[in-house]
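Use the sequences and the hints to build the structure in full.
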Amino acid sequence: MTNYLIRRIIQMAIVVFLAALFTYFLFNISPGGPLAGIQQQQRRLTREDLARLRAQYDLDFYWPFRFTRWLIGVPNGPIVIGGREIFSNVPVGCYLPRDQQVVIRDGERVVIPAGCDRYVYLRDIPELHPAVKSSRGILRGDFGRSTVVRAGRPVWDELMSRLPATLELMITATLLSFAFGIPIGIYSAVKQYSRFDYFFTTMSFIGSAMPTFFFGLLLILIFSVMPNLLQDQFPWLPKLPPGARVSVRPYEVASWLPRVQPGTPLDRFLHLIMPVGVLTFFYMATWSRFVRSSMLEVMRQDYVRTARAKGLTEKVVIVKHALRNALIPFVTVAVLTIPGFFSGAIITETVFAWPGMGRLYYDALTRSDWPIALAFIFITAVLTVIATLLGDILYTVVDPRIKYT
Amino acid sequence: MTTVAQPVFTREGAREAKSESQFQIVMRRFRRHRLAMISLVLVTLIFILSLLAPVIAPFERDAIDISSPARPAPPGTRSADGRVHYLGIDHLGRDLYTRVLYAARVSMSIAILVVLISETFGALLGAIAGYYGGWTDTIISRVIEFMLTIPTLPLLLIISAILLRRDVILPLPDFLNRFLSALLLAPPREAQKVVVLVLVLVIFGWLGAARLMRGMALSLSKQDFVEALRAAGASDARIIFRHIVPNGLAPILVNASLALGGVIVTESALSFLGLGVQDPTPTWGNMLSTSQSYMFQHPWLPLVPGVFLVIVSIGFNFIGDGLRDALDPRLKR
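Same order as they appear, the protein sequences are chains A and B.
Number 487 in my numbering belongs to position 181 of the first sequence; there are no gaps in the numbering.
Number 431 in my numbering belongs to position 288 of the second sequence; there are no gaps in the numbering.
These are computed hints drawn from the structure, not numbers from a lab.
Every value quoted in this text rests on a predicted model; they were computed, and no experiment measured them.
Note that the Cβ used here is the ideal one computed from N, Cα and C, for glycine as well.
Keep in mind that a hint or two might mislead.
[Stated by the list, open to error] Quick partial rundown of chain A residues pointing at chain B, CB under 7 Å, derived from the structure:
| id | residue |
| --- | --- |
| 1 | Val322 |
| 2 | Ala325 |
| 3 | Leu327 |
| 4 | Asn334 |
| 5 | Trp369 |
| 6 | Phe511 |
| 7 | Pro517 |
| 8 | Phe520 |
| 9 | Leu523 |
| 10 | Leu527 |
| 11 | Val531 |
| 12 | Thr570 |
| 13 | Ile652 |
| 14 | Leu671 |
| 15 | Ile683 |
| 16 | Thr690 |
What follows is the structure, given as structure tokens:
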């Protein structure tokens, strides 16, 4: 087991490193970024100003060095071993790139980098990148600063300010989907081919095939738009707030209810209903199908037949013999929902303007705020591999027949 | 799948058994799945509508109706020359019925292209991994495992955000460009963007097929008939293409049908988020996305593309379910 764990942890580290390197590389080749179009906006910007700005975002480093600075915070100065500086004449970046205007065949002018007027050497780093402004690296807990979405704010603070909203949404939806999905799955399996089974199998099929964004829009149509449009004919129709997490000003839900004050538990609850409804429907579909199929698998086993042959009541057979075994795969797969508690639901949060992690990631991506997007991907990747390992370990706990070597 | 007539021993008698081919058995089983049949009819109908888009669409794809005072306008509005906008017009004054048909064409083409490419690629890779085993298998399996651990949607968003923002022109041969723009009924520049999206979706699309085929190939390659083929001197390529791939085709077919629904949803999700196909090329996803801003005054707007999207995505899933039941030899119902 120890050997297995060590091997798994090494594999996990490699997977996370590769994922980080891959995403970093992707962002690096992508156009845009914090300084996109700045020369068009600010004509009086001199080359030196631009170089200073570039250095502020670490853009003067070559990308492999930028990556290591982002990851572990090095290189951050001269490396001195035994009184001698090593690698002192290896350039790690270009502070003042020399640009050249080239006319390509359509008569269009493009600026391409052509050489470098001032390279960055290790000993220049403390001067060009003061330690107070540099990141100490993501592995040492410093996620850098946001560049666009909340310019200048530490990424970690921004993530933490968004986390409660996502946790609230995801945990509620996941627990509700367990609460509905598991019993439905069990009952469908026990009464296979019954009317109940057909109905919920069809429902879960629809639930998992339905695009969440359209389902979200449909709910907004039914519960926010329609009551609003039909206000004159049916003033008693309740209407739900279509987006956000809390309201700004008091509002009316229905003519027969008192006005809802912003920030109260009722206000939060009303905002939560629709996004949670969408996610619950979606997850419930997955879980009820999963539980149904694993329950059906177990019901075919010999030991269930033996239990029946012993003369046990159907209830005891199902609850004590079948269900306990059917939930083994469920427990290990349920652990995989943990990364989702952090990363949220990108589409649903966007549809309902929910101020959570998924929405933050989407904003960061569309507005080229790479530090936030990278931190999001990195943490999600770490949580995913940890959850996968946890699932495998739990498997040995709940099922003693499984042993890893 | 091989369509060689096989003797089927049913209690009813030998008369039926003689005449019924494997294909007929599958069709008979499939027809019993009522929802799958309804889905097949509806999806085929939308598919035909999308094929006939340029013929039956009453307006030009991007034509703006300046005569209408209200934009968006509800279904049934008439244009100046008396033609009816069956499903209304959008915020720019374009006919929604026309655009939804063209969108069907774009979305269906993307889905079919992605599934065709990724299932072929995945099945081949899986067959190779399962047949050869050893380090070939190790490398391919590790790549699949790695791709399955990383969260798909965030990465899909990054890749398409980067590729679509970059104005690179793919070095596609001219005939392919012309074929694509004829297929999508869009100018070559727009077709190029669609190709980028297809490639992005293929990156994550081949995993399922590869895993399925690898499993099949693994068990098939240990069976006696493969051993016999080897002894008879058949080459590896012949064994893989003529014997392993055809034998593992049934689960791939089911997977492909489910994947068609999945790809349509993923593509429209990307387009909905503004990171897929962009306006003016219509897809159901970006039509929904623009309708979101107007839905409070014009509630029918999201319903137009939404109903098509839901029918097709759920439809493909039911068809896949029906195929699974029909192709499963263990089910004798």
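Evaluated hints:
no.: 1; hint: Val322; result: 9 Å, violated
no.: 2; hint: Ala325; result: 5 Å, holds
no.: 3; hint: Leu327; result: 12 Å, violated
no.: 4; hint: Asn334; result: 10 Å, violated
no.: 5; hint: Trp369; result: 14 Å, violated
no.: 6; hint: Phe511; result: 6 Å, holds
no.: 7; hint: Pro517; result: 5 Å, holds
no.: 8; hint: Phe520; result: 5 Å, holds
no.: 9; hint: Leu523; result: 5 Å, holds
no.: 10; hint: Leu527; result: 5 Å, holds
no.: 11; hint: Val531; result: 5 Å, holds
no.: 12; hint: Thr570; result: 25 Å, violated
no.: 13; hint: Ile652; result: 6 Å, holds
no.: 14; hint: Leu671; result: 5 Å, holds
no.: 15; hint: Ile683; result: 6 Å, holds
no.: 16; hint: Thr690; result: 6 Å, holds
Figure legend: structure checked against the earlier numbered hints; hints not met, in rising order: 1, 3, 4, 5, 12.
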